[in-house]
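Protein chains: 2
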Amino acid sequence: MSELTMDTLVSLCKRRGFVYQSSEIYGGLTSAWDYGPLGVELKNNIQRFWWKQMTQLHDNIVGLDAAILMHPRVWEASGHVENFNDPLVSCKNCKQRFRTDAIPEELWAKRQCPECGGQLSEPRQFNLMFKTHMGPVEDSISVVYLRPETAQGIYVNFKNVVQTGRVKVPFGIAQVGKAFRNEITTKNFIFRTCEFEQMEMQFFIHPSEDGKWFDYWKAERFEYYKKLGVRESRLRFHQHGPDELAFYAKVAFDIQYEFPFGWKELEGIHNRTDYDLRRHGEFSGKDLTYLDDGRNERFTPYVIETSAGLTRTVLTVLSDAYDEDEAEGEKRVVLRFHPAIAPVTVGVFPLVKKDGLAELARDIEVGLREDFSTFYDQGGAIGRRYRRQDEAGTPYCVTIDYQTKEDRTVTLRFRDSMQQVRIKIEEIPAAIRKATKEYQRV
Amino acid sequence: MSELTMDTLVSLCKRRGFVYQSSEIYGGLTSAWDYGPLGVELKNNIQRFWWKQMTQLHDNIVGLDAAILMHPRVWEASGHVENFNDPLVSCKNCKQRFRTDAIPEELWAKRQCPECGGQLSEPRQFNLMFKTHMGPVEDSISVVYLRPETAQGIYVNFKNVVQTGRVKVPFGIAQVGKAFRNEITTKNFIFRTCEFEQMEMQFFIHPSEDGKWFDYWKAERFEYYKKLGVRESRLRFHQHGPDELAFYAKVAFDIQYEFPFGWKELEGIHNRTDYDLRRHGEFSGKDLTYLDDGRNERFTPYVIETSAGLTRTVLTVLSDAYDEDEAEGEKRVVLRFHPAIAPVTVGVFPLVKKDGLAELARDIEVGLREDFSTFYDQGGAIGRRYRRQDEAGTPYCVTIDYQTKEDRTVTLRFRDSMQQVRIKIEEIPAAIRKATKEYQRV
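Heads up: the sequence lines are chains A and B, in that order.
Each number in this note's numbering corresponds to the 1-based position in the first sequence with 200 added.
Each number in this note's numbering corresponds to the 1-based position in the second sequence with 200 added.
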C-alpha cells in the first residue's frame with residue numbers, strides 16, 4: 201500500500217464523518233475533536249471490545265466508573281499538585297508563552313523568542329491540571345480539578361471494592377473515562393489533545409509477585425492489539441530508560457505503534473509499586489492495607505497498571521486500517537477494520553429501486569437490525585455503493601436482485617477480497633458471524 | 201412489596217458495590233458519586249440499550265460524541281451565559297450562601313438567614329456553568345466552560361452531519377455524555393448531582409410537522425421505559441405549564457417516575473423550534489439552513505428533543521427493581537432488573553467444591569463468558585449463594601451437582617419465580633436467551 205499521510209487521514213475522517221473539529225462553526229477549539237456518526241460507533245466498539253476483554257473474560261477483574269470531579273486532596277496525595285508541571289517561558293515583547301523544551305537550542309541559548317526574536321522570561325512551572333470551583337465562591341477552598349488521569353479514581357476506591365466486590369488479591373479494577381490536561385503543545389490530530397479518554401486497568405498484587413504479573417500483563421496487552429486487528433509489524437515495545445521513568449514507577453514499558461508521524465506511545469504498562477495506595481493511606485488517614493487470608497499477612501499491594509488511550513486507539517485503528525488498492529480499474533480506498541469493531545457491519549442494497557426490489561431489500565435490512573449495525577443504500581450505481589462502504593470500512597454488503605424474488609437468495613460481498621457468494625436470506629446472520637470469527641487482516 | 205426508602209436503597213447500593221460516594225476516604229465530595237463493579241455494568245447496559253433503541257433500530261438517527269470543552273461562543277449563542285442563573289443570597293453574619301427559592305417564606309420576608317438568623321444580602325445572579333481556563337493564562341479570553349448540557353454539541357455539528365452523514369430531514373442525532381452544573385442544592389442520592397450523564401436525541405424536522413413528530417416521540421419514549429422493564433404504574437406524563445416552559449420551547453412534556461421521594465422528571469420531550477439552529481447561525485455567521493430537495497424549499501429545521509438522564513435512569517431502574525419477598529421462610533431482597541440490563545446475567549455454582557464439581561463448574565462458567573456476563577461462586581451454602589445473586593439482580597443461576605457428572609445436566613434457577621429446571625449443559629445459552637426474550641416483570 202502507498203504511504204498514508206496525516207493530511208489524507210484527517211481529510212477522510214472529516215469527509216466520511218469519523219472526526220470533526222470541535223466547535224468548527226466558531227473557528228474551532230484548539231485540539232478538541234468531535235466524533236461523527238462513523239467515529240462514535242468505531243470508538244464505542246473499541247471501548248466495548250476492551251471492556252469485554254478486560255472484565256467479562258477475566259474473572260478476577262471488575263469494573264468501576266469514578267467521577268471526573270474528585271476531592272482536591274486526591275491530587276495532593278498523587279503528587280499531581282506538586283509535580284504535574286511543564287516549564288513555560290513568556291516573551292516580554294509579543295507576550296506569547298512556550299514550553300521551554302519546544303524552543304530551538306540556539307534561540308534558547310540567547311533566550312530569544314522563536315516567534316518575534318524578543319527577550320524571554322525565566323522559566324516558570326505551569327501545572328497541567330484544569331482548575332475550576334465548586335459552589336458559588338471562587339476561592340482556594342472551593343478549587344476542584346478535572347482529573348488528569350483516571351487511575352486515581354481506582355486507587356481511592358480500592359477499599360470499597362475490596363469490601364463489597366468479592367475480590368481477592370491478585371485482582372484488577374478496570375475503568376474507561378475522560379481525562380483532561382491543559383497541554384500547551386497539542387498536535388497530530390486526535391493523538392494528543394486536552395480532552396481525551398483512557399482505558400485503564402490497575403492490577404493489585406502481593407509485592408513479591410510484581411515481576412511475574414508485570415510480564416503477564418506486558419504479554420497480554422500486546423496480544424490484545426493483535427486481536428483488535430492491528431498489524432504486528434507496526435507494534436513494538438519501548439522500555440523506559442532511567443530518564444523517562446515516572447518517579448513512582450519501578451519498571452515501565454510502552455507499547456508503541458508506527459503512526460504516519462512515527463513510532464509513538466499507544467499504551468503504558470507500569471509497575472507503580474505501592475506508591476499510590478501508600479500515599480492515599482497517608483493523606484486520608486485511612487488504612488489501605490490488605491489482609492491476605494491465604495498468606496496470613498497484611499500488606500500494601502503493588503499495582504501493575506495497563507493504561508491505554510481510547511482516542512489514541514481510534515487513531516491507531518484508522519491509520520492501520522487505511523489501504524488503497526484497485527477495483528474495476530480504478531483506485532479504491534478501503535478501511536480494513538476488524539469486522540468486530542467496524543462502525544457498520546453490513547450494507548444492504550437493492551440492485552435497482554423498482555419492481556419491488558427496494559421494499560424487499562428494506563425488509564431484509566430491518567430483519568438484520570436487531571443483531572447487526574446496518575446501512576441501507578439505494579442511491580447510485582451498485583459499484584459506487586460498494587466503494588462508499590469500502591471507504592467506511594463496512595466488511596459485508598448484501599445485494600438484492602431479481603433472482604432474490606425467485607429463489608430468496610442474495611449476494612454477500614466481502615470488503616477485503618471483493619469476492620461475492622450467493623446465499624439464502626436466512627443464512628446471512630450465520631455467514632456474517634462465521635466470517636467475522638475467521639477474519640484475517642490482508 | 202413494602203415501601204422502599206432512600207436509606208434502604210443507598211445502603212444496598214454501597215453494600216453491593218453499585219454506587220459509592222466519590223472520594224469517600226477524603227470525606228467525600230458534595231454530590232459526586234462513583235459507580236462500583238455492579239453499578240458500572242448496570243449503567244453501561246442501560247446506555248447500550250438506549251443507544252441500540254435510538255440508533256441501530258432507527259435508520260434515520262445517527263450518533264455523535266462531541267467534546268465536553270467547547271468554544272465559549274457556543275454558550276453565548278445558546279443563551280446559557282445570559283440565562284443559566286440561580287439567584288443567590290449570602291448571610292452577612294455566617295457567610296453561607298443560599299438559593300433564594302430554598303429559603304422559607306417567613307424568613308425571606310424578614311431577609312433572615314435560615315442557619316443563624318443573620319441579615320441576608322440582596323439576591324445576586326449566579327451562573328451554574330463550571331468555568332475553567334484553556335492555556336497558561338487565566339484571563340477572560342481563555343475562559344472555557346464545562347458543558348451544562350450535551351444538546352449544543354449536536355446543534356453545532358448539524359451542518360457537518362448533513363454534509364457527511366447521508367441523512368435527510370427528518371432525521372435525528374443521538375448522543376450520550378457527561379454534563380456539569382454547579383448546583384448549590386444537590387440532593388436525593390444520584391438524582392441531582394453536579395456531574396451527570398445525559399442521553400439526548402435531537403430530531404430535525406420541517407417546521408410544519410412539529411405536532412406530528414412531537415406526538416411520535418412522546419409516545420415512543422414512553423414505550424422505551426416499558427421495554428426497559430420499568431413498571432407502567434410508576435410512569436406518567438407531566439406537561440409544562442406556561443410558568444415552567446423554557447424560553448426556547450413551544451411545548452414540553454416530562455416523563456416522570458415515582459421515586460421513593462415522589463414523582464420527579466426522568467426525561468423531557470421538548471419542541472425547541474428553530475431557536476438553537478437560528479441562534480448558532482446568527483452567532484457563527486454560518487448558514488445552518490437546510491435545503492430540502494423533495495420540497496424544493498430552504499428552511500431552518502425545528503427540533504424535537506428527547507433528553508433523558510442516564511444516571512437518573514440508573515436510580516429509576518434500581519428503585520423500580522427493588523423488591524422483598526420470602527424464600528426458605530426468610531425475607532429475601534431481590535432486584536428485579538430486566539435480564540437485558542442486569543449487571544450479571546448468570547451465576548454459576550458447584551453444589552460443593554470437592555469431587556471435581558468445582559472444576560466442572562468453572563469449565564461451564566468459562567464456556568459461558570464469551571456470550572454472557574458471568575459470576576462464579578463456590579463459597580457458602582447454596583441457598584446463601586442464591587440470595588447473594590438475588591440481591592445483585594442476577595436473573596439466572598446454574599448449579600452443578602453430582603448428577604452433572606453422570607448425565608451432563610445442570611439446574612437452571614430463575615430469580616423471580618425461584619423455579620428450577622433441569623437442562624443439558626449445551627442448552628444453557630438458548631434457555632437464557634429465550635427466558636430473556638419472554639421476560640415479564642412480576
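No lab work stands behind these hints: they were computed from the structure.
Hints may be right or wrong, so weigh each one.
Note that identical chains are pooled: a pair holds if it fits in a single copy or bridges any two copies.
As a list, the in silico EDC-like pairs of lysine to aspartate or glutamate whose alpha-carbon atoms are at most 20 Å apart [stated by the list, open to error]:
#1 Lys634 with Glu570
#2 Lys418 with Glu338
#3 Lys426 with Glu444
#4 Lys252 with Glu626
#5 Lys637 with Asp571
#6 Lys605 with Glu559
#7 Lys486 with Asp474
#8 Lys368 with Asp577
#9 Lys331 with Asp493
#10 Lys426 with Asp301
#11 Lys553 with Asp259
#12 Lys531 with Asp563
#13 Lys214 with Glu524
#14 Lys368 with Glu559
#15 Lys554 with Asp577
#16 Lys295 with Asp555
#17 Lys426 with Asp523
#18 Lys605 with Asp525
#19 Lys486 with Glu305
#20 Lys252 with Asp571
#21 Lys252 with Asp563
#22 Lys331 with Glu383
#23 Lys634 with Asp571
#24 Lys486 with Glu224
#25 Lys605 with Glu524
#26 Lys554 with Glu203
Keep in mind the model is a prediction, meaning the values are calculated, not measured.
Hint by hint, here is what the structure shows:
Within a single copy, Lys634 and Glu570 get their C-alpha atoms as close as 18 Å, and across copies as close as 15 Å, so both meet the 20 Å cut-off. Within a single copy, Lys418 and Glu338 get their C-alpha atoms no closer than 44 Å, and across copies no closer than 41 Å, so neither meets the 20 Å cut-off. For the homomeric pair Lys426 and Glu444, neither the shortest alpha-carbon distance inside one copy (27 Å) nor that between copies (54 Å) is at most 20 Å. With identical chains, the CA atoms of Lys252 and Glu626 are never at most 20 Å apart, being 29 Å at best within one copy and 22 Å at best between copies.
Proximity of Lys637 to Asp571 under the C-alpha cut-off of 20 Å is found in both arrangements, the shortest distances being 15 Å within a copy and 14 Å between copies. For a Cα distance limit of 20 Å, the shortest separation of Lys605 from Glu559 inside one copy, 11 Å, qualifies, whereas the shortest one across copies, 52 Å, does not. Proximity of Lys486 and Asp474 under a CA criterion of 20 Å is satisfied intra-copy only: 15 Å inside one chain copy versus 54 Å between copies. Only between protomers do Lys368 and Asp577 lie at most 20 Å apart by alpha-carbon distance; the minimum there is 13 Å, versus 52 Å within a single protomer.
Taking the closest pair of Cα atoms, Lys331 and Asp493 never come within 20 Å of each other, the shortest separation being 42 Å inside a single copy and 48 Å across copies. Proximity of Lys426 and Asp301 under a CA criterion of 20 Å is satisfied in neither setting, with 35 Å inside one chain copy and 58 Å between copies. In this homomeric assembly, Lys553 and Asp259 come within 20 Å of each other (Cα to Cα) only across copies, at 18 Å, whereas the closest approach inside a single copy is 51 Å. For a Cα distance limit of 20 Å, the shortest separation of Lys531 from Asp563 qualifies neither inside one copy, at 33 Å, nor across copies, at 50 Å.
Within a single copy, Lys214 and Glu524 get their C-alpha atoms as close as 18 Å, which meets the 20 Å cut-off; across copies the closest is 53 Å, which misses it. Taking the shortest alpha-carbon separations for Lys368 and Glu559, only the inter-copy value of 19 Å comes in at or below 20 Å, while the best intra-copy value is 56 Å. Only within a single protomer do Lys554 and Asp577 lie at most 20 Å apart by alpha-carbon distance; the minimum there is 14 Å, versus 58 Å between protomers. When the C-alpha separation of Lys295 and Asp555 is checked against a cutoff of 20 Å, the pair qualifies neither within a copy, at 70 Å, nor between copies, at 77 Å.
For the identical chains of this complex, Lys426 and Asp523 are intra-copy neighbours only, at 18 Å inside a copy versus 45 Å across copies, given an alpha-carbon limit of 20 Å. For a Cα distance limit of 20 Å, the shortest separation of Lys605 from Asp525 qualifies neither inside one copy, at 34 Å, nor across copies, at 55 Å. Taking CA atoms no more than 20 Å apart as the test, Lys486 paired with Glu305 passes in neither setting, with 48 Å inside one copy and 43 Å between copies. Proximity of Lys252 to Asp571 under the C-alpha cut-off of 20 Å is found in both arrangements, the shortest distances being 18 Å within a copy and 10 Å between copies.
In this homomeric assembly, Lys252 and Asp563 come within 20 Å of each other (Cα to Cα) only across copies, at 19 Å, whereas the closest approach inside a single copy is 32 Å. Within a single copy, Lys331 and Glu383 get their C-alpha atoms as close as 13 Å, and across copies as close as 17 Å, so both meet the 20 Å cut-off. In this assembly of identical chains, Lys634 and Asp571 lie within 20 Å of each other by CA distance both inside one copy and across copies; the values are 14 Å within and 15 Å between. Taking the shortest alpha-carbon separations for Lys486 and Glu224, only the inter-copy value of 10 Å comes in at or below 20 Å, while the best intra-copy value is 47 Å.
Neither within a single protomer nor between protomers do Lys605 and Glu524 lie at most 20 Å apart by alpha-carbon distance, with minima of 35 Å and 55 Å respectively. Proximity of Lys554 and Glu203 under a CA criterion of 20 Å is satisfied in neither setting, with 42 Å inside one chain copy and 60 Å between copies.
Violated hints for the displayed structure, listed by number in ascending order: 2, 3, 4, 9, 10, 12, 16, 18, 19, 25 and 26.
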